[in-house]
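K.L.:
Assemble the whole structure, with the sequences as input and the hints as a guide.
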Amino acid sequence: MEYPTKEMAEKVGSVLAQVPSYGEGEFWFSSFKILLILGLIVMTFILMVGGNPSGDAFRFRYWNNPGAFNEYLAPDATGRFLGFWGCFVQAAYAFGGPDYIALAAGETRSPRRVLPSVFSRVTYRLVFSYILDILAAGILVPHNDPDLVNSKPGAGSSPFVIGVKRLGIPVLPSVINAVLLTSAWSCGIEVFFAAIRSLYALVIDRKAPKFLVKTWRGTPIYCVLAIWLVAQISYMAASSSSLTVFNWLANIIGSSMLLAFMMFHVIYIRFRNAQIAQGIIDAQRLWFPSSFTPSYSSLMAFRSLEGHWSIEDFIFAYFSVAIFLALYLGYKLIYRPKMPSPSQLSLMAGRTETDIDDTFVEKEPTTKKEKFHRWLWG
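Going by the UniProt record's numbering, the sequence shown opens with residue 1, and the numbers climb by one from there.
Bear in mind the hints are in silico, worked out from the structure with no lab data behind them. Here the structure is a predicted model, which is why all the values come from computation and not from measurement. Take the hints with a grain of salt, since some may be wrong.
What follows is a set of in silico ranges between Cβ atoms, one per label pair, in the way DEER data are often shown [said to hold, decoys possible]:
{"no.": "1", "residue 1": "213", "residue 2": "75", "range": "54 to 62 Å"}
{"no.": "2", "residue 1": "165", "residue 2": "221", "range": "38 to 46 Å"}
{"no.": "3", "residue 1": "217", "residue 2": "78", "range": "22 to 30 Å"}
{"no.": "4", "residue 1": "348", "residue 2": "369", "range": "36 to 44 Å"}
{"no.": "5", "residue 1": "221", "residue 2": "112", "range": "24 to 32 Å"}
{"no.": "6", "residue 1": "112", "residue 2": "174", "range": "43 to 51 Å"}
{"no.": "7", "residue 1": "25", "residue 2": "339", "range": "40 to 48 Å"}
{"no.": "8", "residue 1": "75", "residue 2": "105", "range": "42 to 50 Å"}
{"no.": "9", "residue 1": "146", "residue 2": "337", "range": "49 to 57 Å"}
{"no.": "10", "residue 1": "323", "residue 2": "345", "range": "22 to 30 Å"}
Positions of the beta carbon are idealized from the N, C-alpha and C atoms, including for glycine.
P.N.:
If you want it as structure tokens, here you go:
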């Protein structure tokens with residue numbers, strides 16, 4: 001009960017702070033997380049080549065025994081494929097976050113200038129951090145290690161903590177545990193921020209209860225309270241069955257993220273159709289053109305209905321889909337909104353305000369330190 005109580009109060013306090021204070025705090029936390037990722041990758045390399053108390057250069061031993069892929073629901077290659085496919089929900093749960101950059105556009109000065117460079121860097125950093133971290137975790141710990149599925153306090157079930165403990169290295173597991181908890185705390189604040197801003201946008205667009213519009217010092221205070229109340233669900237993970245509850249929550253969040261990704265693509269398709277219908281097809285007229293933006297719907301997580309059947313797992317895996325359909329169809333039936341044609345969609349809404357904001361000219365970097373920060377952060 002101690003961890004969720006403290007973190008809940010700290011997160012609410014953080015989002016109640018002014019946007020500049022929140023942004024400054026997240027800047028340093030993000031820097032800290034980048035150093036964490038680099039540190040874990042370097043640590044894994046040192047340990048795998050023999051830099052550990054036993055001098056064991058285990059390299060890719062666990063990729064051979066028990067193997068790089070675990071079997072799920074079926075033996076041999078089919079089971080390994082289903083195991084890979086069955087991880088989509090968990091992968092979506094862990095992947096949530098990069099889309100918050102677009103959400104921050106409303107809080108950013110000169111977004112047309114700042115965000116394109118940020119977007120272009122994010123792709124490479126995601127590939128670097130996610131892929132190398134996953135490789136490092138698979139190198140340190142075999143997939144059949146019992147500690148991976150045991151409920152441990154803090155980050156005790158992290159493959160990095162487990163891997164270091166297996167090698168008999170003292171103190172370092174506690175250090176990694178503390179660093180990972182700090183990173184998780186920062187991610188929680190980001191999610192709070194995104195949820196509050198999204199709910200407030202729905203209120204402004206008259207798609208959420210009107211009383212939530214009240215603000216305090218520029219912060220939508222009732223939206224903060226509403227999200228805080230929903231967050232009380234996290235106390236379920238403080239029970240003796242915390243691993244089961246965590247899997248439920250991960251399924252709900254993961255499927256919600258997949259739905260969000262799907263809607264991103266639907267919105268992009270509509271945006272592209274509106275461009276064509278209104279004659280705005282020149283990429284030079286876009287502030288951030290992307291030649292390879294996909295026009296497809298995201299894959300929903302696949303769950304086999306044969307063997308290992310669990311009503312609980314099924315309900316929580318598809319809970320978000322049911323809620324999404326209920327809200328969408330309910331809104332359509334009650335308000336009966338008309339779907340505008342591509343030629344009727346407004347692509348210029350808010351342009352005047354953005355043009356005015358672009359008159360702000362930021363000082364160009366002159367020193368090596370300033371140029372490095374511009375390259376690193378955009």
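K.L.:
Go through the numbered hints given earlier and state which of them the structure violates, listing their numbers in rising order.
P.N.:
3
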